[in-house]
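K.L.:
Work out the full structure, taking the sequences as your base and the hints as a guide.
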Amino acid sequence: MASVKLTNVKKVYDNNVVAVHDFNLDIKDKEFVVFVGPSGCGKSTTLRMIAGLEEISDGTVEIDGEVVNDLQPKDRDIAMVFQNYALYPHMTVYDNIAFSLRLKKLPEDVIYAKVTNAAEILGITPYLMRKPRALSGGQRQRVAIGRAMVRDSKVFLMDEPLSNLDAKLRNQMRAEIILLRQKLDTTFVYVTHDQTEAMTLGDRIVIMKDGYIMQVGTPTEVFEMPNNLFVAEFIGAPKMNILKTELSKEGDKYFVKPCGAKIEVTGEKGRLLQEKGVESGEIILGVRPEHIVLASEPVENAIPCTLEVNEMMGSELHLHVYTDEGTRWIVRVPTIDLTSEQREGLVNGARLYITFEGKVMHFFDPESEKNLIYGEE
Amino acid sequence: MRHYSDLEYLQLSKGRKFGYRLASFFTGIPKAIWGFIKKIGLWFKNAGLAIGREAKDIVTTFRDGDWKTKLSYLVMGFGCLARGQILRGILFLLFELVFIFYMVFWGAHWLSLLPSLGHIGPHEEYNAVLDSYTTTYGDNSFKILLYGVLTIFFIIAFIYTWRVNVRQNKIAEGILKSGKKLKSGRDDLRSLVDDQFHKTLLALPTLGILVFTVLPIVFMILVAFTNYDGAHDGYISNLFSWVGLENFNTMLSWTGGGGVNYAATFGEILGWTLIWAFFATFTNYFLGMLVAMAINKKGIRLKKMWRTILVMTIAIPQFISLLYVSKLFAKNGIVNGILLDLGWIRQAIDFWGTTNHNGLLPRVMVILINIWIGIPYLMLIATGILMNIPADLYESAKIDGASGWKQYTKITLPYMLFITGPYLLTSFTGNMNNFNVIYLLTGGGPTNAAASGAAGSVGYTDLLITWLFKITQGAESKYYLASVVGILVFIVIAVISLIVYNVLPSVKNEEDFQ
Amino acid sequence: MMTKDTSMKKHMGMRAANAISNTVIHIVLAVIAVIWLLPFVFIVLQSFRVENTWQVGYVIPKQWGFANYKNLLYDATKGWFGTPFAKWYLNTFITALVTAVLQTVFVLCMSYTLSRFRFKMRKALMQFMLILGMFPGMLTMIILYRVLKDLGLTQENAVPGLILVYVASSGMGYYVSKGFFDTIPKSLDEAARIDGANRAQVLWKIILPLAKPIVIYTVLTAFMAPWGDFVFARYISFGSQAGMNVAVGMWNWLQLDQIGQKYTMFCAGGVVVAIPVVILFLCLQRYYVEGVTGGAVKG
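Protein chains in written order, with the working numbering: chain A, 1 to 377; chain B, 1001 to 1514; chain C, 2001 to 2299.
Among these hints, one or two may not hold up.
Claimed, not checked - So, partial list: chain B residues that the calculated Cβ filter (under 7 Å) puts toward chain C: (1) 1205; (2) 1212; (3) 1299; (4) 1315; (5) 1317; (6) 1465; (7) 1469; (8) 1479; (9) 1488; (10) 1490; (11) 1493.
The hints are simulated quantities; they were obtained by calculation from the structure and are not laboratory data.
No residue lacks a Cβ here, since even glycine has one placed at the ideal position from N, Cα and C.
P.N.:
Dropping the structure here:
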């Protein structure tokens, strides 16, 4: 139960590779913060610097107001769950969970109470006397969490804890982590490369790339108001459709002209563009696949295109289409919105018409890739 | 040589591909050597720069430091003591006192004698009590050299510690300035089992290596530049003294060795050493692999028994098996006895050339017996690796239509060679220095008449290492020559390793596998 | 029908070829087994030969008995275990035992450190040791002998001197166990450090229990080496019967001046030396195999 503050934290490896540049973040008490980004973006390195497993090249890390740069991991009062669980293979589940308590020299009856309590919460009581190798992946995961739980530490760190599980188990454990968080009521820092995990778990999400923070915000903020093209593409699945096109200002109104269509920017976005004083010019247009409307015949401002791949996901269809200019887009259509004839018509090579509303568009500067509306200077 | 691009190379015929690769290997050697020289140059440059930086830092620390720091330049550990780091301070101070004490009472003495290695040798001196002349011993060159080197080591250690002492002051000042607290003695002790645990762990092993390997090697390298031998043992017989490069001149010239052609002798022994190492390494390697594959083949029964029989022989101390086998093949040994009984031969075969002084048969014999010694070991290694070759490689090869032989040459062999590359290198150099097999089997014999007169009666099966040993034996014991041979062995091994390191991918990228 | 028939023929042909090759391999293996075992069978047979003590051209003793074994251990004036051989055996055993313990400690310290810590001089240290290893170790014996002699650790006191020589530089043989430590995931160390263990506790409570195979391998090889070492032992014992190990003592038996009286005793001695080592080795074979394979792969 503590705040974590990172100020100008930097990591430079011996071969002068900079893994993390100037990282600033204030994690509040009891907050659940998720670091997310592609592999090699420095998210794990940052977590490991908080844990004390990686030396901090520059800047300070504070836990609960105390600078911990020079403290050993054991003196930082943190708990951590590793990607590969890191269970001690030669110890039983009970001993694994009790290990940290024994190092603290707690009396055995206290240890017993704590371990069995944690095992109860996690549902691993029947396996307490087993060795880790006799457990399934999900059970090992629970033991790893149990080991971290009993420490009652200030901060709970998790380094891609779900990435070694299969898809089904991952969804289940994700939900359990949300429950666990409610029970533990402590500060969480969670690292993942999976944006779904980030969106569902985090109070706030830190999106990183190449050692830089791209954006910090709540799931809603990063989804609806991405700071830049990278965040826009990284958050949301399937990823946002991107198109280089023209933004033109005609009087008070803004229009975009993708693939021959002409669509007016409506709603708040138009107003914001005006407030920011955006002029006509080339921009990158982004539209999320779920915001695209499908039409089977040419309507006004519809972009004609050809269906290439039709992925049936169950509740929805992912249609991969290409426009006559050759731009590839993905359209996400709820299955329920289509009649069975319409669905049968969606075969490869089918001619489709797509369009979207003026209020769903995102605009990015083609040079800096910053969001023209929400991008920070 | 013309350099081909990847696509051009692919269009070459099989023979030309091989030729190209062979040529690039050899043309690569000068480049590798040049690269190495450049690396050394760079190393010296960096070392020079580092020393410059250190010197500058020492000066600026003094200039910017407070009086505690300044006094620490003279009294080591003063800054620590004054700032409350008692433990560190005492250790620094103690080290300085011990150093000064040592230098005043012993170090200076040894150091002053080092250039001459002693003035007064053993001599007759009149003894008034006995009223006769008795031998009185003077300086001891051996001790002068040894303690001289030790003193230099000590001085280097002192300079390093002094530098650490200075840096400590700078760091401590910085910490105090930023308002933080210094580490206490208790913190220091605790860190020795935690973040500084590696220092605790390494202390004894590196000290052992320093005293029992580095110091002796430095000493022996220096001996190569003296005339230390049985007649100049430095104390009882005569002092020894520096002779410069004379011993190298003796060893490497056709006429330098007082009528003995040492260069030819050395060349011949080196040649045989390389031939031996080559055969000893590769016969074992391929035959061991073959045996391992035979045992592991599907459908072979009693796998465990075959393996255990071979493995058991590893455990039998080599001196027993080697000495016994050498007697087995003696002229009056069992092998000759049985062959004579069977009537297959009329005369005992002189396997070791003891009477006919022919070198060829003994040389073949040691290689053959070495196969007998080495195969079980290689069989073990090969078995382990063969089992690790992913089965799907063979499956896909089978589907691609590869025969058994093709599977061997295209999958098994490259995989083995790649993975055991570093092992082959160490095995080769290890065989160059394989004292036991040669010395226990033949003792280096039969005597090579062509090399008579050279120190340490040279035999046909002598390796450089057994020759080195022989040189140091007996009353003559020309240690200085042994030392020269040792240095030359080092150079040969270093050059071979360097070439291989630059060619073998698995050696070069050793870290990649971790 | 046709195709099936030919394919069956092909199949049968393959099977037959396989059977032939397997038979050949079995025969070859049998020959190999004989070649490898025969000398040891000879040595055992000759150790029981009592009609004469010198080297002869036949294998089967004409007269069997335990005289050679008795001569090894029984001295007419000093009684049982008063012989030089008993002394050599004891010397070697003590050396092997102490070396096994200390060398294992040294090797594990070095290899664990090089595997787990990333300190400033790590690379330099490893390269330095590599270069040191290229010098013939024998060269250092000349000086070590004289230094140990000054310290009184040679000749009849060779055992502690020899142990010192074996153990002191043994850190250089870190390759194999470092390779093993490298295979233990580093996240185990990290998890333990977060759980509140200091580095020493990590080594003691987590790594060592997991490193059992390599510890056994190191102990085993360290224990076996002194039984076969000849040159260092000979240097340091320097002619003193009381300080020799079995290799040096028994080597003398086969030199021209002694072989006539001591040949069969050598055979008996060889059996006595080999049996405990071989038994120990066969019991721990599994670990040894693991070690050499891993070591060769890791370089």
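K.L.:
Broken hints, numbered, in rising order?
P.N.:
Hint 9 is the one this structure does not satisfy, whereas the remaining hints hold.
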